[in-house]
Amino acid sequence: MKKAIHYINQFFGQVGGEDAADYKPTFHDKLVGCSNMLNQIMPDVEVTHTIICGDNYIASHTDEAVAEIIEWLKNQEFDIFFAGPAFMAGRYGVGCGTIGKAVKETFGVPVITSMNEENPGVEMFQKEMYIFKGGRKATFMKDDLGKMAAFAQKIAKGEELLPAAVEGYFPRGIRKEIFHPEGIPAADRAVDMLIKKLEGRPFQTELVIPKREKVPVAPPIKDLSKATIALVGSSGVVPSHNPDKIQTASATKWGKYDISGLDRLPKGEYKTIHAGYDPEAICEVPDRGMPVDAMRAYEKEGKIGKLHEYYYVTVGTGTTQAYAAKFGREIAAELKEAGVDGVLLVAT
Amino acid sequence: MLCNLLNVAISVGVNKMVQTVSVPYPLGDPNLSPEEEWKLRYHRVGVALDALTKDVEDQTVFPTKI
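Those sequence lines, one after another, are chains F and U. First residue of the first sequence? That's 1491 in our numbering, and the numbers climb one at a time after it. First residue of the second sequence? That's 10 in our numbering, and the numbers climb one at a time after it.
The set of hints was computed from the structure by calculation and includes no laboratory data. C-beta atoms are modelled at their ideal positions from N, C-alpha and C, and glycine is treated no differently. Treat the hints with care, as some may be off.
[As the list claims (entries may be wrong)] Computed footprint of chain U on chain F; a stretch qualifies when at least three of its residues, placed anywhere within it, have a C-beta under 8 Å from a C-beta of chain U:
#1 1663 to 1675
#2 1740 to 1746
#3 1777 to 1784
#4 1832 to 1838
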């Protein structure tokens, strides 16, 4: 029997409506409200506790609310975390997403919630957890809880989890390779798609390209001669023993390497581990992939103030956009912290 | 961003781009002499550094000469 904990807001926790939206988190080992229904429909998962928190409280005191709930959870045993369903209630959806993301990051357990597609929580958190496609209002409670429960049952029983579109949750941007269930070779499927396209019939791509985001342009650097510039890249150029064991394809991590005192990346001491292109040219001259030599020359000439003491790198082949975005956020946070003013991103 | 596949960079929303030589050697070329190769790398990195100082409204590819 797996154990689960269920997060709901003040309204579904029977504390009150809008007047009680500032309600601080409370923890109940006697299940409250819809937690009972959720518990009853899962033979292999026991809901042990209900957490109730006001929507306004978690929205306006996010750090305190999350910290308090996470601290409490540290003393609990649970395998699955539920939140909601939040229907079209925007603040509730954002609350479920906020706590769900923190729980997943802290405990690494599956987090299951449900929201209507119009709920802003979907776009904010769909990559972080399983958000099932839910109804617009509380009259869909039974349906939405049913979908969350059925999925938790699959997890509890160790059943194979199918793609988002089949299971009924919003896609998380994760690409997983599987054998075609009917064994139809890729070439046949591609030609079938092409024929449908030529005939103007609908078809479903197997490689969904995520929608392009408009990225705000960084403000220009006013005085390059006083600026610290960092090198970041996807070329897989690492110290020869690949100290962080970055994968040669479909990377799930990045590394940073100290180049202070280096005028270039010497052959033999650095190489590329990238499995997506012929590594010979970069292994011969690693600066072809990570131009430390040119940057050092510009530093000596005074064109730039300083070359940042570390370069950052990952492998860009087969890497999902979700991971790439995560690496970007993590590396950007470090560079910001270190006072770096600008970055040259070298892609292969 | 210094990149070879400009269309990919454009499609993912990169704002400032400089074309590189190729995927397996973005900033170099084993077919050139070491001196010529150095000039090429120095030039393209320089274009990218200058791009950091430019105010752009939209996605821009900064031209290179070498």
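Each hint tested on the structure:
1. 1663 to 1675: violated (count 0)
2. 1740 to 1746: violated (count 0)
3. 1777 to 1784: That given contact holds, which follows from 6 residues of the stretch 1777 to 1784 of chain F lying within Cβ reach (below 8 Å) of chain U.
4. 1832 to 1838: Held - the stretch 1832 to 1838 of chain F has 6 residues with a Cβ nearer than 8 Å to chain U, which meets the minimum of three.
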